[in-house]
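Asks: Chain order of the listed sequences is E and F. Note that my numbering has the first sequence beginning at 123, numbered continuously upward. Note that my numbering has the second sequence beginning at 123, numbered continuously upward.
To be clear, the hints were calculated from the coordinates, so they are not data collected in a lab. A hint or two may mislead.
Same chains, same label: a pair holds when it works inside one copy or across any pair of copies.
[To be verified] Okay, derived cross-link-like pairs now, DSS-like style, lysine-lysine, Cα gap no bigger than 25 Å in a straight line: (1) Lys491 <-> Lys429; (2) Lys429 <-> Lys133; (3) Lys133 <-> Lys184; (4) Lys343 <-> Lys467; (5) Lys363 <-> Lys376; (6) Lys467 <-> Lys154; (7) Lys413 <-> Lys322; (8) Lys467 <-> Lys429; (9) Lys363 <-> Lys154; (10) Lys452 <-> Lys328; (11) Lys467 <-> Lys376; (12) Lys452 <-> Lys154; (13) Lys452 <-> Lys322; (14) Lys429 <-> Lys343; (15) Lys450 <-> Lys154; (16) Lys133 <-> Lys322; (17) Lys286 <-> Lys467; (18) Lys328 <-> Lys450; (19) Lys429 <-> Lys363; (20) Lys413 <-> Lys329; (21) Lys328 <-> Lys491; (22) Lys193 <-> Lys413; (23) Lys322 <-> Lys363.
These numbers were taken from a predicted model, which means no experiment stands behind them.
Protein chains: 2
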Amino acid sequence: MNHGPIINPEKITTLPIGFRDILASRADAEAKMINVMMSIAISHGYIRVKPTLIEFENTLLKGPGAATSEKVFRLIDPISQRVIGLRADMTTQAARIASTTMIDAPRPVRLCYAGGVLHTTTNQLNPERELVQVGAEMIGNSTADADAEVILLAIELLRTVGVKWISVDIMIPALVPLLLADMQLPAEIFSVIRQAINQKDVATLKKLANSKSSILVGLLKIFGPYAEAMQDLEELDLPDKARDFLVRPAEVIKLITNFEPNLSVTVDPAESRGFEYHTGIAFSLFTRGGKNEIGRGGRYQSDEDPKSTATGFTIYLERVLQILPEDKQKPAVYIPYGTPHEQSKALRMRGQITVAGLTPVVDNYAEAKRMGCRSILLNGQTVALS
Amino acid sequence: MNHGPIINPEKITTLPIGFRDILASRADAEAKMINVMMSIAISHGYIRVKPTLIEFENTLLKGPGAATSEKVFRLIDPISQRVIGLRADMTTQAARIASTTMIDAPRPVRLCYAGGVLHTTTNQLNPERELVQVGAEMIGNSTADADAEVILLAIELLRTVGVKWISVDIMIPALVPLLLADMQLPAEIFSVIRQAINQKDVATLKKLANSKSSILVGLLKIFGPYAEAMQDLEELDLPDKARDFLVRPAEVIKLITNFEPNLSVTVDPAESRGFEYHTGIAFSLFTRGGKNEIGRGGRYQSDEDPKSTATGFTIYLERVLQILPEDKQKPAVYIPYGTPHEQSKALRMRGQITVAGLTPVVDNYAEAKRMGCRSILLNGQTVALS
Numbered sequence: 123m124n125h126g127p128i129i130n131p132e133k134i135t136t137l138p139i140g141f142r143d144i145l146a147s148r149a150d151a152e153a154k155m156i157n158v159m160m161s162i163a164i165s166h167g168y169i170r171v172k173p174t175l176i177e178f179e180n181t182l183l184k185g186p187g188a189a190t191s192e193k194v195f196r197l198i199d200p201i202s203q204r205v206i207g208l209r210a211d212m213t214t215q216a217a218r219i220a221s222t223t224m225i226d227a228p229r230p231v232r233l234c235y236a237g238g239v240l241h242t243t244t245n246q247l248n249p250e251r252e253l254v255q256v257g258a259e260m261i262g263n264s265t266a267d268a269d270a271e272v273i274l275l276a277i278e279l280l281r282t283v284g285v286k287w288i289s290v291d292i293m294i295p296a297l298v299p300l301l302l303a304d305m306q307l308p309a310e311i312f313s314v315i316r317q318a319i320n321q322k323d324v325a326t327l328k329k330l331a332n333s334k335s336s337i338l339v340g341l342l343k344i345f346g347p348y349a350e351a352m353q354d355l356e357e358l359d360l361p362d363k364a365r366d367f368l369v370r371p372a373e374v375i376k377l378i379t380n381f382e383p384n385l386s387v388t389v390d391p392a393e394s395r396g397f398e399y400h401t402g403i404a405f406s407l408f409t410r411g412g413k414n415e416i417g418r419g420g421r422y423q424s425d426e427d428p429k430s431t432a433t434g435f436t437i438y439l440e441r442v443l444q445i446l447p448e449d450k451q452k453p454a455v456y457i458p459y460g461t462p463h464e465q466s467k468a469l470r471m472r473g474q475i476t477v478a479g480l481t482p483v484v485d486n487y488a489e490a491k492r493m494g495c496r497s498i499l500l501n502g503q504t505v506a507l508s
Numbered sequence: 123m124n125h126g127p128i129i130n131p132e133k134i135t136t137l138p139i140g141f142r143d144i145l146a147s148r149a150d151a152e153a154k155m156i157n158v159m160m161s162i163a164i165s166h167g168y169i170r171v172k173p174t175l176i177e178f179e180n181t182l183l184k185g186p187g188a189a190t191s192e193k194v195f196r197l198i199d200p201i202s203q204r205v206i207g208l209r210a211d212m213t214t215q216a217a218r219i220a221s222t223t224m225i226d227a228p229r230p231v232r233l234c235y236a237g238g239v240l241h242t243t244t245n246q247l248n249p250e251r252e253l254v255q256v257g258a259e260m261i262g263n264s265t266a267d268a269d270a271e272v273i274l275l276a277i278e279l280l281r282t283v284g285v286k287w288i289s290v291d292i293m294i295p296a297l298v299p300l301l302l303a304d305m306q307l308p309a310e311i312f313s314v315i316r317q318a319i320n321q322k323d324v325a326t327l328k329k330l331a332n333s334k335s336s337i338l339v340g341l342l343k344i345f346g347p348y349a350e351a352m353q354d355l356e357e358l359d360l361p362d363k364a365r366d367f368l369v370r371p372a373e374v375i376k377l378i379t380n381f382e383p384n385l386s387v388t389v390d391p392a393e394s395r396g397f398e399y400h401t402g403i404a405f406s407l408f409t410r411g412g413k414n415e416i417g418r419g420g421r422y423q424s425d426e427d428p429k430s431t432a433t434g435f436t437i438y439l440e441r442v443l444q445i446l447p448e449d450k451q452k453p454a455v456y457i458p459y460g461t462p463h464e465q466s467k468a469l470r471m472r473g474q475i476t477v478a479g480l481t482p483v484v485d486n487y488a489e490a491k492r493m494g495c496r497s498i499l500l501n502g503q504t505v506a507l508s
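Put together the whole structure using the sequences plus the hints.
Replies: Here you go:
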C-alpha cells in the first residue's frame, strides 16, 4: 500500500459533466510541467502573463476570441450588471494585453501563459470542460523566422517535459477559401463544398464543383511528408494568388528542418478546421500514442491594426499528461509520536516525505502501515516496513 | 530600459471591478511561490489536490462552504440545467474530497491545494475578486498536535517564501456564543450585544447586558501576548463549560512555542469574525508591514460525520506578495539575426534570457536597445550595452 490517495470510485462526488478533481501525483505532475514549460518560454524572452479568469463579454470575444463564443460560460456581474464570461481560450487574452496595456512595448511582444480555461460544451474529442492551456504568442512580427521560432519553442517545451517523438503538420487554412472565391460558385452549394473538402470527400466535390474543381480535387490528394507534398503543390495548376501562399510554408519548413533535421514534418494544405481565424500558416503537433493533436498554433491577426500580426501556439496539457508515464506517488516515512522535530526535518531536507504520528500508539509499525507509509523512523534510523 | 513589460497605464483594458491581469515578474513570482509552498506541504505528507473550479451549488455550499454563499458567482450549466457556482473558497472542496472520493483513505487525511477563487463582492479589505488561495487541511484527527502541526506548517510555508517576521493570533470563536447562551439574554438585544463584542465596545456592552456582563467585559479586555492573556483568562470568573475551552489553546500554544520559542503568539479570546464555522481554536497570521492578516485557519467540522473534525489554514497569496520585495525582471541578451542556435542555447542553459532578432538589421546595438535588452551576443561573446 502506498502513501497516496485511496480512491473509492463509488464515492466520487457528483460534479457537472466534464469536470473532475485532480488528485495527488497527477496534480503535482501538472503543476511541475507548467513550471518547466514556462521557464523555457521565459528563457527565450517570452514574458509570462496571468490574465483574468473573467472578462467582460465584449473584450473576451474580440478578434481571435470570436471563434470561442459558443464555448463561453456567461453570467451577469452583480457589480457592473454587465455580461461577463469565463475565458474559454487564453490566446485572445494575450492579444488583448499586447494591444492595450502593452501597446507601447517594443515589437515583437513575446508573451507566454498557463492557466485554466472553461468550456460550456463537451464532445467526444474534448470530453473535459475544465482544461489547462499552456501557450506562447509573438505579436507584431510577420517574418517566417517568427513562425519558425514559435514552432521550435512548442517542440522544445514538449520535449523537455518528456514527449520524445513529435510530428508537425503544416496547414495553409487561407488556401481553400481563396480557391473557392476564385471559382465563383453559386451561394447555395458553397457550404456543401466546404464540408466535402473538410471531409476529403472527392466524389461529392467532383459532382458539385465546376470546371475548376480539378484543382480542389488535386489539392485534397496532397498530404503527407513535406518534401513530396510541397513538390506536388508546386506542380498543381494553382492560380498565381494561391501560389503566393506556398512561399511561407516552404520558408518555415526550411527553417525548422535546418534546426531539427530529424523532425517529422507533414503538410496538409487543404485542412482548415478550427483555424478559421488564422491568416498565415497553421500547424498541429502530434505524437505517437495519442490520436489527437497535443498542440496547435499558427499565424493570425491579433487585432484590427494590420501591423498586429501574431503567431503562437497552444499546448493541451491534459493530452500531454495522458501520453506520459504516470509519476509514482513517492513513499512516505512514518514519524512516531514524540520523535524530535529535527530528525523528521532532516529527512525532508533530503527529499523524503514524512507523515507525523499525532498520538502515542502501542504498535508504531502497525500505525505506519495503516497510514500507508513504507518505512518508519526509529532512533534516528529509517527502517523499511516488511 | 529593462527587457520587461512596458505598461501604458492609460491603455489598461477595462476589466470588471476587482479583476486585473498579472504581468511578468509578478506572474512568475506568484507561480514560483505556489510551487515552493506546495512542495513543503507535500514533504509533510499532505496530498496535493486540484479541485474543479466549478461545482454544483449544493456541493459547493455544503458544511463549511455555507459561509461562502454570498460570494459565489452562480450560473446555469447549459448541459445539466442545474445551478453551478464558481468556487469562492477551497477549504470546502478539500473537505468534500476527503468525505467522498477519499472516504476510505486512512485518517487523518492530509490535503494541500493552491488555486484561484472568485468572489462576487469586493470591499475595502478585499478589493480583489480573483484571488489565489494556498492551503492545507488535516481531516479526521482531533488532537492538539494536529492543530499545532497545521499552524507550524503555515509558518514554515510563509518563512520559506521570505516572510521573516510572523505573529500568530489565537482565537476561541466558540467562547463568546457559549457565554451569551449562558446569559439567557432577550432575543431582541442579542445581535446588538454580538456587534458590541465584535467592535470591543465595552460601553454598549455594560449598558445592555445583565448582571453576567462583567465576564464579557472582562473577556473583551483580554488580548495580547499569550503568557499574560492566558493567565488573565484563567483568573476570569468563567463558567465551568467555558473554562473547558481554555484547555486546547493552552496545549496548542505550548506545542508551537516549544518548537518555535521566539515566535510571537498572541491570544484574542473574544474575536470570532469570519470564524463562524470554526468549532475549536482559530488563528490568524500577521506580519510586520502588512495591516491585514496574511493567512488564517483553525478547527472546523468538515461534514455531518462527528468524526470529521478538521483543522487547516489558508494563505492569502496576494497579501504575501504585497509585502515581499518585488522580483526584478531579469535582463535579456539580444541575439542578432543569423547567430548560430547553439550559441544562444548555451546562454539559456546558463540561466540567461535570450531575445532573438528575427531579421537582419543595420545596427544590432540599436535594435538590442530598442528591444530592451541589456547586452548583446557578438561572436560568441556577451557584450554589455552602454
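Asks: Please go over all the hints and tell whether each is borne out by the structure.
Replies: Results of checking the hints against the structure:
{"no.": "1", "hint": "Lys491 <-> Lys429", "verdict": "between (64 Å within a copy, 21 Å between copies)"}
{"no.": "2", "hint": "Lys429 <-> Lys133", "verdict": "between (54 Å within a copy, 18 Å between copies)"}
{"no.": "3", "hint": "Lys133 <-> Lys184", "verdict": "between (42 Å within a copy, 16 Å between copies)"}
{"no.": "4", "hint": "Lys343 <-> Lys467", "verdict": "neither (65 Å within a copy, 39 Å between copies)"}
{"no.": "5", "hint": "Lys363 <-> Lys376", "verdict": "within (22 Å within a copy, 81 Å between copies)"}
{"no.": "6", "hint": "Lys467 <-> Lys154", "verdict": "both (23 Å within a copy, 22 Å between copies)"}
{"no.": "7", "hint": "Lys413 <-> Lys322", "verdict": "within (19 Å within a copy, 65 Å between copies)"}
{"no.": "8", "hint": "Lys467 <-> Lys429", "verdict": "neither (56 Å within a copy, 30 Å between copies)"}
{"no.": "9", "hint": "Lys363 <-> Lys154", "verdict": "neither (46 Å within a copy, 49 Å between copies)"}
{"no.": "10", "hint": "Lys452 <-> Lys328", "verdict": "neither (60 Å within a copy, 59 Å between copies)"}
{"no.": "11", "hint": "Lys467 <-> Lys376", "verdict": "between (54 Å within a copy, 20 Å between copies)"}
{"no.": "12", "hint": "Lys452 <-> Lys154", "verdict": "both (15 Å within a copy, 22 Å between copies)"}
{"no.": "13", "hint": "Lys452 <-> Lys322", "verdict": "neither (48 Å within a copy, 49 Å between copies)"}
{"no.": "14", "hint": "Lys429 <-> Lys343", "verdict": "neither (35 Å within a copy, 67 Å between copies)"}
{"no.": "15", "hint": "Lys450 <-> Lys154", "verdict": "both (14 Å within a copy, 23 Å between copies)"}
{"no.": "16", "hint": "Lys133 <-> Lys322", "verdict": "neither (45 Å within a copy, 46 Å between copies)"}
{"no.": "17", "hint": "Lys286 <-> Lys467", "verdict": "between (37 Å within a copy, 19 Å between copies)"}
{"no.": "18", "hint": "Lys328 <-> Lys450", "verdict": "neither (54 Å within a copy, 62 Å between copies)"}
{"no.": "19", "hint": "Lys429 <-> Lys363", "verdict": "within (21 Å within a copy, 74 Å between copies)"}
{"no.": "20", "hint": "Lys413 <-> Lys329", "verdict": "neither (32 Å within a copy, 75 Å between copies)"}
{"no.": "21", "hint": "Lys328 <-> Lys491", "verdict": "neither (70 Å within a copy, 57 Å between copies)"}
{"no.": "22", "hint": "Lys193 <-> Lys413", "verdict": "within (23 Å within a copy, 41 Å between copies)"}
{"no.": "23", "hint": "Lys322 <-> Lys363", "verdict": "within (23 Å within a copy, 79 Å between copies)"}
In the structure shown, a violation is registered for the earlier hints numbered 4, 8, 9, 10, 13, 14, 16, 18, 20, 21, in ascending order.
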